[in-house]
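Chains as they are written, first to last, in the numbering used here: chain A, 1 to 86; chain B, 1 to 150; chain C, 1 to 245; chain D, 1 to 60.
Honestly, the hints are just simulated from the structure, not real lab data.
The structure displayed is predicted, hence computed values, not measured ones.
Be aware that a few hints might be false.
Partial chain D-side listing against chain C, Cβ under 10 Å, derived [claimed, not checked]:
# : residue
1 : L7
2 : L8
3 : I28
4 : G39
5 : S41
6 : A49
7 : V57
Even for Gly, the Cβ is constructed at its ideal location relative to N, Cα and C.
Okay, here's what each chain looks like letter by letter:
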Amino acid sequence: MDDPLIVVALLLVAGSATAAVAVRDPARQALVLAVLGTVLAVLFTVLQAPDVALSQLAVGSALTPLLIMLSVRKVRRPKRREETER
Amino acid sequence: MNGWTVAATAALAVGVGATVWGVATGPLRRRVVAQNLSTSLACPALLLLSEGYDRPSYVDLALLLALLGPVGTLVFARLLVEDLAADPPRTWGLTYAVAAFGAAVVIAVCVAAGPSRALVKLLVVGALLIGGNLTASRALSGGFAGSRRG
Amino acid sequence: MTRRVRLLVMAVGGTGLAALLVAACFDLPRFGGDQHPYGDRVVRASLARHTANTIASVNFDQRAFDTLGEMSILFASVLGTVVLLRQTRDEHRAAPEPEQVALPVRRYALLVLPVAVLTGLYVIAHGQLSPGGGFQGGVVVATALHLLYLGADYRALERIRPVGSYEVADALAASAYLVLGLAGLVAGTAFLADFLPYGTFNTLSSGGTVPLLNAAIGMEVACAVVVLLANFLDQAVEIEKEGET
Amino acid sequence: MNRRTTLLGAAEILAWWAALALLWLVFISAVDALELVVGTSAALVGAFAAWGTRRAVSGW
């Protein structure tokens, strides 16, 4: 059985999930979430669930980061506006 | 645990493990590069798994990751352009090393797959993977210099 | 009905639910064993209906009613976003400026966009054969369209993405799923039943209504995600409060 | 839209259509009649997407 593979995948997911919680800044958290998505997809593939892995890849690699980063940009814009010379 | 899955385990443990550490700590420029490299390393790992499990349908997973991984990095490059403008990431050595690793994996899996339509599909995945990786790192290091309003 | 009485009622209900759940867990088959009553029945039913991908058979044939629920959840959530993120009276819309993007990035976006659209359609069409299906393929097609925003600017994306028609297409696809379900009734079987001929195994026409429901879900998810992203992009790039310039 | 640009546009769509249909052939595992029909129509959708995006970027 390919236990070492499953153990590595589980450790990666555990590591990136803890990092996602530990990082506080939303923009940096979006980065960690993107990596968490990729690693989760690898875990689902290792556990022989390709459909779930495909869903995670499709949503987690480009759609979720775009939604989070657009929200961060909208929330941060007024504050950023005073810093720049506008 | 044939050779392919051992290689996949090594790629995941060393490569993707390092990117998880890179994305969780350090300056922003290193984090975005780590995010880009995480997809560029996970895709060859998926190819190795599809060959190790002898399931050609898993190549669709690697195809999708090779296609959407760089798009995710473009999203970060585009929307973090102000934060990255201060010190743009300059790690071309690492990017080329990961691209070379991806190419090696694609060639190995192609040799194993033998001459057929599947071989062409693997080459398409390889082209998307390496092209995406290089374009995304190009975008990170100043591709969106001109855009201010996102 | 003071707070304490409400808590008491909640506690009674909660303990009843907990007791039932625990009792149910004891009757579940042992974890990790080789005896899977549900799995065996599902695989037998999906093979009987010539659907190679068992998950697609579960999603769109044996439990198609749940997928109807999932689809309407997505539809309702996008509807909620459209209502919440609309442009209020004290906000004005600033036209997005053209952006200068490095040439390799723009060329990559323009090259990969059609390939991503084709891959999304491939994943939708082969939902019942290989891993994939309407949901995954729909998201890929929608994300592919936004490569234009990443490769160029929001003005270019707005030119080729009329939001109104995507909202109409979203509603049409959702109703197409319902009509396919009602067609089962008209054909004398049950709602959302697989009444079409099952075709030969492992080909595109296998699985009866599964590929058609896959296509309906694919179109619905693609349009829903495009509308969702359109509202997020409008708020982030175009709409500004009165105070901001 | 004089004749020349429509011709160029049509040629571009045809080129994209052929390329994407070929790509579809590479993607699928088994080739049969229905796959070809679905493939060519999907490739046509992709070709129109490509043509539309190029025009949107180059600005009407």
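Against the structure, the hints:
no., hint, in the structure
1, L7, "violated, 20 Å"
2, L8, "violated, 16 Å"
3, I28, "holds, 7 Å"
4, G39, "holds, 8 Å"
5, S41, "holds, 9 Å"
6, A49, "holds, 5 Å"
7, V57, "holds, 5 Å"
Checked against the numbered hints listed earlier, the structure breaks hints 1 and 2; every other hint is satisfied.
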